[in-house]
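Numbering follows the numbering used here, with no gaps: position 154 of the sequence shown is 154.
Hints are supplied without guarantee of correctness; some may be wrong.
Mimicking SDA-like on lysine to any residue, the simulated pairs with C-alpha atoms at most 20 Å apart in a straight line are [what the hints assert, rightly or not]:
no.: 1; residue 1: 59; residue 2: 96
no.: 2; residue 1: 59; residue 2: 115
no.: 3; residue 1: 113; residue 2: 57
no.: 4; residue 1: 113; residue 2: 66
no.: 5; residue 1: 59; residue 2: 113
no.: 6; residue 1: 59; residue 2: 111
no.: 7; residue 1: 113; residue 2: 68
no.: 8; residue 1: 113; residue 2: 180
no.: 9; residue 1: 59; residue 2: 102
no.: 10; residue 1: 59; residue 2: 116
no.: 11; residue 1: 59; residue 2: 110
no.: 12; residue 1: 59; residue 2: 114
no.: 13; residue 1: 113; residue 2: 157
no.: 14; residue 1: 113; residue 2: 64
no.: 15; residue 1: 113; residue 2: 67
no.: 16; residue 1: 113; residue 2: 182
no.: 17; residue 1: 113; residue 2: 62
no.: 18; residue 1: 113; residue 2: 65
no.: 19; residue 1: 113; residue 2: 184
no.: 20; residue 1: 59; residue 2: 108
With beta-carbon atoms standing in for the labels, derived distance ranges [as the list claims (entries may be wrong)]:
no.: 21; residue 1: 177; residue 2: 137; range: 49 to 55 Å
no.: 22; residue 1: 203; residue 2: 146; range: 38 to 44 Å
no.: 23; residue 1: 209; residue 2: 147; range: 27 to 33 Å
no.: 24; residue 1: 89; residue 2: 180; range: 41 to 47 Å
no.: 25; residue 1: 137; residue 2: 209; range: 26 to 32 Å
no.: 26; residue 1: 77; residue 2: 123; range: 22 to 28 Å
no.: 27; residue 1: 147; residue 2: 77; range: 44 to 50 Å
no.: 28; residue 1: 124; residue 2: 55; range: 49 to 55 Å
Hints in this document: simulated from the structure, not taken from any laboratory. Even for Gly, the Cβ is constructed at its ideal location relative to N, Cα and C.
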Amino acid sequence: MKQWFLSHTVGQRIGLSAGAALIALVTVAAGAGAIAPQETEPAPTGATTTASPSPTAAKPIVLHSTETVTEEIAFASSTVEDSELEVGQTRVRTAGVPGQLERTFRVTHTDGKETAREQVSERIVTEPVHEVIAQGTRQPAPPPPPEPAAPAPATCPNGTYVNSAGNSVCRPHESAQVPAGATARCQDGTYSHSQNRRGTCSGHGGVAAWL
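Please work from the sequences and hints to get the whole structure.
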């Protein structure tokens, strides 16, 4: 019994080895006439690739507004003749005052920057007041004549004396013509400068004529 098992086992192994060799020969013979398959890329799966869209430029932001500006209107100046003023003199008759002009604009801003400005209206708020200046035409009055020269002080050849009023008076003296300041001509031909008729020409024969 034990021997049969060993014999059966050995025979079975031999049989199996022969069968395996036969199968191997058949496999090699079949593979000799076969064409080796070529490598190919794997078939695409269900995922698809989409091209990215080109970036779109940002749309500019455009804003419109109204702006009002006030400007100054210059006043004109004119002159008129004035006979109450002398030649060369001037006087402001009407003071000039500037006027005001109001302008309205439509302003366009693009992305925060001013890109256009258009005037839509204007109006005069106040009219200017024009200046008027008067110019003199009257000729100036002629200058007054010079004052006559003061008479030359009387000369006192015989000296002076102080009269009762305390004034210094020339003593009677001779002269070819009536001297300045003489008040009387004495009998002896001298001239007296006495300021008081009492005692005039005393010592000279009395008064011949009062001057």
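Straight-line Cα separation of residue 113 and residue 157 no greater than 20 Å? violated (109 Å)
Checking one constraint from the list: CA of residue 59 to CA of residue 110, max 20 Å. Satisfied? holds (10 Å)
Pairwise hint evaluation, residue 64 against residue 113, where the allowed Cα distance is 20 Å at most: holds (11 Å)
Is residue 59 close enough to residue 108, meaning Cα to Cα at most 20 Å? holds (16 Å)
Hey, residue 113 versus residue 68, does the alpha-carbon distance stay inside 20 Å? holds (18 Å)
Between residue 209 and residue 147, does the beta-carbon spacing fit 27 to 33 Å? Holds, since residue 209 and residue 147 (Cβ atoms, about 31 Å apart) stay within the stated range.
Please work out if residue 113 and residue 65 have their alpha carbons no farther apart than 20 Å. With Cα atoms ~12 Å apart, residue 113 and residue 65 stay inside 20 Å; holds.
Could you say whether the range 44 to 50 Å given as a hint is met by the Cβ separation of residue 147 and residue 77? holds (45 Å)
The hint says 26 to 32 Å between residue 137 and residue 209; measuring C-beta to C-beta, is that right? violated (58 Å)
CB of residue 177 to CB of residue 137, is that within 49 to 55 Å? holds (52 Å)
Restraint status (C-alpha distance of residue 113 to residue 57 at most 20 Å): holds (19 Å)
Could you say whether the range 41 to 47 Å given as a hint is met by the Cβ separation of residue 89 and residue 180? Holds: the Cβ-Cβ distance is about 45 Å, inside 41 to 47 Å.
Hints 1, 8, 9, 13, 16, 19, 25 from the list above are not met by this structure, while the remaining hints are.
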